[in-house]
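Colleague: Sequence:
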Amino acid sequence: MDSDGTQDARGTHASPVPRPAGPPQVPAMPPLPPRAPGMPPPPDGSAFLTWLRAPRPDAAPGVWRFGHRPRPAEEPEEIPTRQLLSGALIAFLVGWLIWSLLQNGYVGDWWWIPLFLITPDSWRGGDSDLGEFGTFLVYRSYELLFALAIMAVMARLGRWGEVWRRFVTPRFRRPQAQETRTTPEDDPAQWNELRAAGAADAAERLAAEARSGLMRDVDHARILRAWQGVRTGRHSLATFSGAVLKDGAAACLHPSGERDLPARLARHDLVTGQVRLGTTVDDARNPYAYRGTGLALGPDLLGTSLVAVGPAGSGKTGTVVRPLAESLCLHALAGRAAVVVVGAAGAGLGPADAYDVVVRIGNQDSEYDLDLYGGSTDPDEAAAVLAEALVGDLADPHPGSDSRRSTTVLAQLLGPFRAVHGRFPSVPELRQLLDGAPGPFAALRQGLQEAGQESLLRELDARERQMGQPGDVGGVLGDRVALLDRPAFAGFFDTSGQSRPFTLKALDHPVRVRIDLPQRGHADASKMLARLVLAQFTASVAVREDRSLFACLLLDDATGVVTPEAVRGIQRLRSGNAGVVLTLRTLDDVARPLRGPLLGATGCRMALSGLTPWDGQDFAEVWGKEWTEARDVTDRQIIAETPAGKAVHMLRRVITGKAPTARAVTVRQVERERWSASELAHGVPAGHAVLSLTDVKGEHAPPLLVDLRG
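Quick note: the sequence shown uses my numbering, first residue 29, plus one each step.
It should be emphasised that the hints constitute simulated quantities derived from the structure, not laboratory data.
Where hints are given, some of them may not hold.
Computed list of lysine-lysine pairs in DSBU-like fashion (alpha-carbon distance at most 30 Å, straight line) [what the hints assert, rightly or not]:
id : residue 1 : residue 2
1  : K533      : K686
2  : K686      : K674
3  : K653      : K725
Beta-carbon label-pair distances, calculated as ranges [claimed, not checked]:
id : residue 1 : residue 2 : range
4  : R700      : D275      : 42 to 48 Å
5  : D275      : R737      : 36 to 42 Å
6  : E482      : T640      : 56 to 62 Å
7  : E103      : P212      : 38 to 44 Å
8  : Q474      : Q497      : 33 to 39 Å
9  : P212      : V693      : 36 to 42 Å
10 : T109      : Q599      : 23 to 29 Å
11 : E699      : E395      : 54 to 60 Å
Idealized CB from N, CA, C, for every residue including glycine.
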């Protein structure tokens, strides 16, 4: 069965997504919480069931929900240790003193009055009805109750319960296994929703697969995705049940036939769709509810796009891009997402086996090529995307500008060429046309005349009249195309059908793509190709038919990629269930007029350690200010006026070495930056980052100091 979002990508590029030669093997389980010391190893399937049944309470954006224990929104007021212990000791001594005074009769016998009021007179004395032992027991019991009452009062005044919780309980607390208490009605391993819909046989087969250890987290997520297709009417219940009864946990496979990645480096939870990036630091600048919790991202946050800024070596690729790429590849195997990862060759973006398509531009051994025109058949659409890639960085950097003139020039050539040859020109052919070579122009003119394309002839005539005139951008476009017309790229960007070009039109399917850019020796061409991929991505996701599939582009090193049109495209991605992840070494790689719009267009912003104060200022401005409580402490020297006071002050100065002072504390509300430029530049430790988050629903988290190594 082709599950919802897991159909093959035939028709979107030259060949289908590659399949393994043999049958898929059951992969290893994802990392699970460690067992408590002394626990025996679980039987088959129990590890998966423990993971599946683990609590995942609702939490604020960015909180790692797997096994999360919610904390109060505000930090409880904690008494200093010295004050707490001294208060408890004083309360104990006061209680002891009161009891001693009562026992020795220094305060009278009034505390016996309640006993005399509730007991008969015959109980008093040695010849009472109770006997000598009974009378002794009554009196001693009353004394015990009175002593306990005094102790209860002193315990409350001295906060003995807080002392016990803070200093005694942690010493005797033993690590416990993760609580997985569930009832049959809400047990996710029973697939009760399938049973309620009439697919009891399929539910029983899946439950048996889970108990026997044949099901993994990707299988669970993939089958849930297929079940969503049944609920939305894309597939029939009979087809779904038949596939499950036939293949069990291996039903509704991804077109590649794979059920997991070759290896995992990060911690993933496919029930919530999160990948853990680190731990929120227990720091006063972080909200109390976030302190000490795991920090995780998922499609709900990546749908607002992410920009991460940090110098080389700060961990952008290893701690941000690689885990996110790994997570999105798992989502693709589950039929939930399509991912395109772009970076330099050898950047460490995951093994080739983790992707369906690997495009190695400039490597003659590359199995796949990149479609220069994005799979479009419309000359105007192809010209707009190509113009953005070629000269988008040369346009006026203000957000309102565009590259309309360059688009017009390219459209004047692409339309006639396609009408004559039935395809778009290759890189050498496009370069000749932009340079105004007489031979190609004459051949185009003759072909258009023979086909009777009068309108396209006028387009070609207009291009010939504009060539060589002042202000013509054809020469600039030709120079940029020349960067791709190099021997290293011979055989790439072919339009004759002899290669296997990949087009971003395939984002209608859960495809995993990695594009390696030839940055070594071809830095300018790499920037141009990165702009091309970003432009094709924003154009393709806007016209997708199935927007239930999350699409994401991860662009490692977006230097020279951010243009006015790119910013506008990023702003439109959220409505198309798509997002981008951009990393920059510094915001200086973005034109000054575009820095504010870029940070405003992305909902998630990350500043890594080593940031410059100038970059920190941009982040400080976009994060704004907050009201906080400021305390001003003033020490004023006390001047004695009497001889006795002067003697006491002199003795105090001899003992302490300081003059007697009186301290005055002034508390006021002030507005200050959440993170100042100086704090971002000098106060973020190595391996840490400050990250603000916004999800697709509009909920947001303030800037958080995160340890990316935790």
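Colleague: May I ask which of the numbered hints given earlier this structure violates, with the numbers listed in increasing order?
Modeller: 1, 4, 8, 9, 10
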